[in-house]
Amino acid sequence: DQQVKQNSPSLSVQEGRISILNCDYTNSMFDYFLWYKKYPAEGPTFLISISSIKDKNEDGRFTVFLNKSAKHLSLHIVPSQPGDSAVYFCAASASSGGSYIPTFGRGTSLIVHP
Amino acid sequence: DAGVTQSPTHLIKTRGQQVTLRCSPKSGHDTVSWYQQALGQGPQFIFQYYEEEERQRGNFPDRFSGHQFPNYSSELNVNALLLGDSALYLCASSLVGRGPETQYFGPGTRLLVL
Chain A
-19 DQQVKQNSPS LSVQEGRISI LNCDYTNSMF DYFLWYKKYP AEGPTFLISI
31 SSIKDKNEDG RFTVFLNKSA KHLSLHIVPS QPGDSAVYFC AASASSGGSY
81 IPTFGRGTSL IVHP
Chain B
233 DAGVTQSPTH LIKTRGQQVT LRCSPKSGHD TVSWYQQALG QGPQFIFQYY
283 EEEERQRGNF PDRFSGHQFP NYSSELNVNA LLLGDSALYL CASSLVGRGP
333 ETQYFGPGTR LLVL
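Listed in order, the protein sequences are those of chains A and B.
For the first sequence, position 34 (counting from the first letter as 1) is numbered 14 according to our numbering, and the numbering increases by one without interruption.
If you want our numbering, it's the 1-based position in the second sequence plus 232.
None of these hints come from the bench; they were simulated from the model.
Here are the computed lysine to aspartate or glutamate pairs in the EDC-like style, where the Cα-Cα straight-line distance is at most 20 Å:
id, chain 1, residue 1, chain 2, residue 2
1, B, K245, B, D317
2, A, K51, A, D(-19)
3, B, K245, B, D294
4, B, K245, B, E307
5, A, K36, B, E333
6, A, K34, B, E333
Cβ pair distances, simulated, as ranges:
id, chain 1, residue 1, chain 2, residue 2, range
7, B, R289, A, S75, 15 to 25 Å
8, A, H52, B, L271, 21 to 31 Å
9, A, Q(-18), B, Q288, 13 to 23 Å
10, A, K34, B, S239, 33 to 43 Å
11, B, T241, A, S89, 17 to 27 Å
12, A, I(-2), B, P293, 40 to 50 Å
Glycine residues also receive a C-beta, built at the ideal position from the N, C-alpha and C atoms.
All chains, full assembly: derive it from the sequences and hints.
Shown next as structure tokens:
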């Protein structure tokens, strides 16, 4: 039973265009959401996060949107660059009890073509 | 400042054997978490160590055990290896009580069980 779902295994976009990666979750206790980027032979690196009290968080070219009623979040990358090509993981955690352990989705492989 | 380091990078074992994986946390970090990333899946939380004790544990059998040393480094032990234990094992370090965005991941150890 996957609590965090990334239904698109891969996404291909042209350099300069927008990349939109989607993520759905089922656990209502999740109140903190993160996106990680992973290059081959490296561990995941934290990219951007959003708390459930917000519906948008922006950091440079990266914006995360949260729709709590739909239990859906998305990561927008504008403009996309070839160096953005990587696997992107969506993750969610519940802060109750101070756990902070993230539950990860399966990842979406983004390829940005020059 | 060295980040999270893991050894070995690759390992091949046969069914029924035992394996030990090692992790050195980022300088200044006191908490170590271990994750298993099977092929095509996202990282799954195994357990977390702080002050040389297991603080939290994911849904993994007792064949998976760990240890944390006084210098905060950690080991993951897996007994009676199964084919399904083949995966990338990721170590992540952080400071106790901080959110998941503060976790730094190592590059992982790729374990193949034949």
